[in-house]
Amino acid sequence: MLTAQSTKQFKFINIDRVALIAAAAGLLSTFAAGFVTFKPNRIAAGEAFSLAASVPLQGFLAFLALWILVALLSISGIRLEKQAVFTSICGGSLLLLTFFLAGQYATAATLEHGSISRISPGTGMWIMVFAEVVLLLNAVQRGGERTRFVTALSAATVAGFVFLLLTGHLNDISIMKEYFNRQDRFFSEFKVHLLLATSSVGAATLLGIPLGILALKKKSLDAPTFFTLNILQTIPSLALFGILIPLLAYLSARYSLIREIGVQGIGWAPAVTALTLYSILPIARNTYAGFATVDPGALDAGLGMGMTRTQLLMKVEIPIASPVILNGIRIALVQAIGLTAVAALIGAGGFGVFIFQGLGQAAVDLILLGAIPTILLAVAADGITNWCIAVIQPRGIR
Amino acid sequence: MIELVNVTKEYPGTVAVKDLTFEVGDGEFCVLIGPSGCGKSTTLRMINRLIEATSGTLLIDGTDIRDYRPEELRRKIGYAIQSVGLFPHMTVAQNISVVPGLLKWETSRIDKRVGELLDLFGLDPSAYKGKYPRELSGGEAQRVGVARALAADPSILLMDEPFGALDPITRESLQNEFSRIQRGLKKTIVFVTHDIDEAIRLAARILIMREGELVQYDTPENILTSPGDKFVLEFIGTDRALKRLARLPVQGLMRSALSVVLSDDPGKVEKSLAENSYLWVTDNEGRLKGWLDRKVLDKAPFNMEDSIVRIRVADFAVSPDSTAKEALSKMVLAGTSSAPVVDNTDLLVGEIRLADLLEA
Ligand SMILES: Nc1ncnc2c1ncn2[C@@H]1O[C@H](COP(=O)(O)OP(=O)(O)OP(=O)(O)O)[C@@H](O)[C@H]1O
Ligand SMILES: [Mg+2]
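If you read the sequences in order, they're chains A and B. Residue 1 is where the first sequence starts when you use my numbering, and the numbers rise one by one after that. Residue 1 is where the second sequence starts when you use my numbering, and the numbers rise one by one after that.
Treat the hints loosely; a few may be bogus.
Under the rule of at most 30 Å between Cα atoms (straight-line distance), these lysine-lysine pairs were calculated in the BS3-like manner [to be verified]:
1. B:271 <-> B:186
2. B:131 <-> A:315
3. A:315 <-> B:299
Some chain A residues judged to face chain B by a derived CB distance under 8 Å, without partners named [said to hold, decoys possible]:
4. 191
5. 289
6. 292
7. 295
8. 307
9. 316
The following residues of chain B were derived to be distant from chain A, with all beta-carbon distances above 12 Å [what the hints assert, rightly or not]:
10. 6
11. 71
12. 72
13. 74
14. 85
15. 87
16. 103
17. 135
18. 137
19. 160
20. 171
21. 179
22. 251
23. 313
24. 336
25. 359
FYI, nobody ran anything at the bench for these hints, they're computed from the structure. Idealized CB from N, CA, C, for every residue including glycine.
Next comes chain B alone, as it looks inside the complex (with noise of 0.2 Å):
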């Protein structure tokens, strides 16, 4: 647990941080936003005493982090920047290495270590263990510069715009990455961005900043229906309700299908179509192939083959894990009021409503 009590940092001239309190509980991923200069690198640093802070304090666990010696403090804290930072003489291994190094791990250890932590990132170990920085692309060197952070496994990790430099598409991967391993290791995390969108995808908790001083600090839920004043109100955007979107797994939203089957007894399928407004079709083993309407039953008579609108899966369904806006998106693209829900093989698991998102 890391806490902030009233704590302030001067420079000649300005005042970077104001009686800034606040605290982050155990294994709580907590993400500081607020426009450029507002301190948010600065706030992060004391937590680390890359900066002292001018008063106040700041707890680890409990204990006042001064009682530390600052590079006995920092070897407990995993830390990634921006600039990532990657040692350019050592290679991918050796970097990975640093902290366990200084901490006199056993080199059977550290090896492991290294080994493990690049399959963590999805870096096939035997490829990249021997590659040097300038061989990495973007997205690889800053994969490497966080498990290089994680290298120790410390218990609390700080990064400063870790994703900041890499494009849309790069970034938004590592974020989903980083989530998918965040909630294996639980650690617990200050994340300083620019980002909203970020921020929200990202965040148990957000505190928002302006100008050195707390202005929110809350769930993105929370932030986005009820953001706390103007400053935020603006800071979030006016697409609040599409970003609250983004936080909901279609997972928690959708309800279970109607279905039938592509060998089913063309009867029965027009007797159920009746009864419904659009059942979806699969195959044999359950697998989606299109759907049927029911207006086809007003041109008589009802035959299957013809009625089926055969569809492209990726074009209309959703995955469990995607969120409602994807959901959404693909209800507009495809001008319908559902869609189906598939798992990664696409068979049919369920589907999601529109009305169902209106009132999420």
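This is chain A alone, in the form it adopts within the complex (with noise of 0.2 Å):
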């Protein structure tokens, strides 16, 4: 949104704000006192080091001339396209190195001091890297013509990043030395999470693609359905559960059958029953406004002509209604993505396994190796459902 804003006001001059802001963060960080975190144990008090004093000199160098770089380009006046492909090797150039010097001085640390020591990214470390992917989405946002470049770099980056993990040049940072210590647990959890959003959301578009088209048809039960969704959507997820655990261990105790597939007061069940009532709202809404954005007049022509009712529905109104009702699946996703790491909390699994341990531990890294994988699910599933959104999306349409 703002990026945009940005882009049209100041066109006329060329002046890359946003690139510009990343710079300053980027330089503010090789300034950081906090670019890594030294603790002799895991839950020891850790001492921070700065960017100068954690990587050889002319690493320091490197990160020193590459953000000035970016600084210039942002201010230089050249076509915004243009920049965009410049600064895209500039972040990607500089995501990488920060990875790798840190993954070296993780090493070295490690080696000096022991495997019970660790090495965190710290404050500096984050901003760093936060501005480094800003940049790096910015310039794909600000691609152009230049887009499929921009992007292409960008996958690079990515792929260079995955190219460093599975080489083992960031085994001694601690998020991955939390990881080793529990590598199958984290697959089991990863299934688990991805079982819990997608099985929930999948329930949730059945009840909510027809409630949506009933809400829509039917105009007396517009209000209540919606100030009903609406109303679920405030319950914080917490005492959502905390209402389903009785009740569900209610039903679990009174009826056989339930109890036979595995219904429980706590567990996989008060989370999917959750999740699934907050993925209806997003898409009950969004299959709603898709059919309303049907002209009527389109439809008046349609049956004029003697189109079925069926017809209608199967030529005219679900294709032009479908990409806002993937719209709205996309986001119940990337929002049940998020709430399933709540639901470690009452034993669903998940990510947040992870998240409520380390809490647990004051373990910042273990905390991190649940939060991290979250977010990128998330960002995974944006992209996907997106990319599936602008397939379907009809020519004819924008």
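Reassemble the complex: the two chains are provided individually, in unrelated frames, and hints are given to aid placement.
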């Protein structure tokens, strides 16, 4: 939103304000005190080291030079599309450099102080990484006719990061150490997380689409439906889990059939129930909106030309409404992936398990081991569904 | 042929159409007109069963429309509406193909038909086939809407204010175009409008409605010359004489024109001018150039070159297929009592006189 606006406003002088701010943040973190944190063991208090103190001089100078280059590029006045190409090259190099040097430092420190020492990214590094990611995303947005090239560069950067990860360059960074300590658990929680989120959204889709259509076609159902769904949405997730636990426990105790399919007061049942309830609103609302965008004149003409109700639904209404509905599913999915992290509290599993364990042990790295994959999963789900929307979007409608 | 016999449509609290009986002959252009809410759309939509009549009978070519399945009936009847209702996710060609597709025509036949129709409506098929509705102007969209209604070549066409949302200039050009197309196609048309000028321009018969009831059903000429009651009189307005002129083509009123050629012998011209109050002047090919007034003879000696009043043909002349109203308007503007009639290459083909208009 912000980027789009500032592009418009400042196009005529070709200043890329986002890149400029990113460069400022980058330079700040280049000189910040806490680039990495060293802890003699997992839960001991840490000691912060600046960039200059933790990487070789050439590395420090490279950071300095690249960030200054970005700053100069952003005010150079050359065309934004060209700027995007250069800033994405700088951003990609910076990102890989950051992780590479941090990994190197971690390896060296681990060799020196033994494997129970922990080297974690400090505030400075997080700000640095954030600035680099912003730089890349901003370049993709402003790429114009160069968008493909810039996107490819960003993809190459991601590939480079994965390469660093797989070749063990980052193994001595604390989060990776936490990962290696519970590798099997990580993948099983990943599966649980994905399953909880997708099955809830799947169920919500089956419920939400008919509900949205019903609310649109039967005006008397419109207000009560969305009133209820809106109320549901405002209940904090923990409270909803809390309400569901005794309810499901009671049902499970009362009806053997429910008990037999594995429903208990805690575990997956209340999690899926709550996540489904939360997911219905965006899906039903977008279904309603999607069908409402169909011009009544088109429906009248369709009927008047002799299309049956079913033909009208299949050939006109669904093609027009489905991108909007899919967008609702996208919102629900991203939201559900985030909320699933909370569901670990009621024994449903998922990445939240690491987060809450980490909170209990005051082990920040373990928290991050749960939090970062959750964020990445949400971003990936967002990207994939957006791509699907672009594919099914009819050419005549934009 | 469409027949309505004692057709009534009631809604809770209102009667939208009251005991309506009328018929539209084969190939006839019938225009339904009346104030807002008088039941025009309801009447139209009962003919293709988008609305079911409460009582009464509707017949198409003698068959009760309730003997057909609604979809089957509608596929045989073209339907065009004010909001056009093109499907936004389909191209122009796909939109026009809807009914032929429903009727399971072969693809090649559909393609051919789409091309024909776009040509008929003056839209270049190669340029327009692949366009999407959002890429069309209002006028183009409405042309496509009417083309779509005609796609399966139905003998009956129902149109609900199809040109109502267009600007006056586009509306008039579409009316003329549609009028020309209808002369070739001879469809049985029921056309709803608010606009009395549109009704007079297009209709073979006008059906005037008020509060769900038929007030008068007659040819435009008869309605203009003998409005049935005060309501009709108010409805057609105080300028009904002028409106009537709008129905009369110049063709039927024009007479032969006296003219001389620029290269004629001046003596001969002088002689013939002495016998007439004015003469049209053309070049050797017969193209109108100007006119001569007898008054110039008072200022002797006669000199042809100096005496000709040269004119801009477009400002003075009318074409044979324009209306008497336009001819009158030209005469009033030019301050003359007659107007030359020329064809589209400016060839003088006759003249039309004010006196003839007043008698018409
Ligand atoms: N579905 C409906 N339920 C109740 N009343 C209706 C319904 N449809 C139409 N009416 C009423 O029937 C009457 C005739 O409506 P109709 O749409 O035929 O008018 P119209 O002559 O086409 O008007 P306009 O020129 O404004 O389009 C109006 O009084 C309208 O309020
Ligand atoms: Mg109407």
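Now the hints, each set against the structure:
1. B:271 <-> B:186: violated (51 Å)
2. B:131 <-> A:315: This hinted pair holds, its Cα atoms lying about 18 Å apart.
3. A:315 <-> B:299: violated (80 Å)
4. 191: violated (38 Å)
5. 289: Check failed: Cβ of residue 289 of chain A comes no nearer than 16 Å to chain B, outside 8 Å.
6. 292: With a minimum Cβ separation of about 14 Å from chain B (threshold 8 Å), the hint on residue 292 of chain A is violated.
7. 295: It holds, given that the least Cβ distance between residue 295 of chain A and chain B is near 6 Å, below 8 Å.
8. 307: Given a least distance of 7 Å, the restraint on residue 307 of chain A holds.
9. 316: Cβ of residue 316 of chain A sits 6 Å from chain B, so the hint holds.
10. 6: holds (24 Å)
11. 71: violated (5 Å)
12. 72: Since the minimum Cβ distance to chain A is about 7 Å, residue 72 of chain B lies within 12 Å and the statement is violated.
13. 74: violated (4 Å)
14. 85: With a cut-off of 12 Å, residue 85 of chain B comes too close to chain A, as the shortest Cβ separation is near 3 Å.
15. 87: Answer for residue 87 of chain B: violated, closest chain A Cβ roughly 6 Å.
16. 103: violated (9 Å)
17. 135: violated (8 Å)
18. 137: holds (16 Å)
19. 160: Not fine: 9 Å to the nearest Cβ puts residue 160 of chain B too close to chain A.
20. 171: At about 18 Å from chain A, residue 171 of chain B clears the 12 Å cut-off, so the statement holds.
21. 179: holds (23 Å)
22. 251: The claim holds: residue 251 of chain B sits with its nearest Cβ about 37 Å from chain A, beyond 12 Å.
23. 313: At roughly 44 Å from the nearest Cβ of chain A, residue 313 of chain B sits farther out than 12 Å, so the non-interface label holds.
24. 336: holds (48 Å)
25. 359: holds (46 Å)
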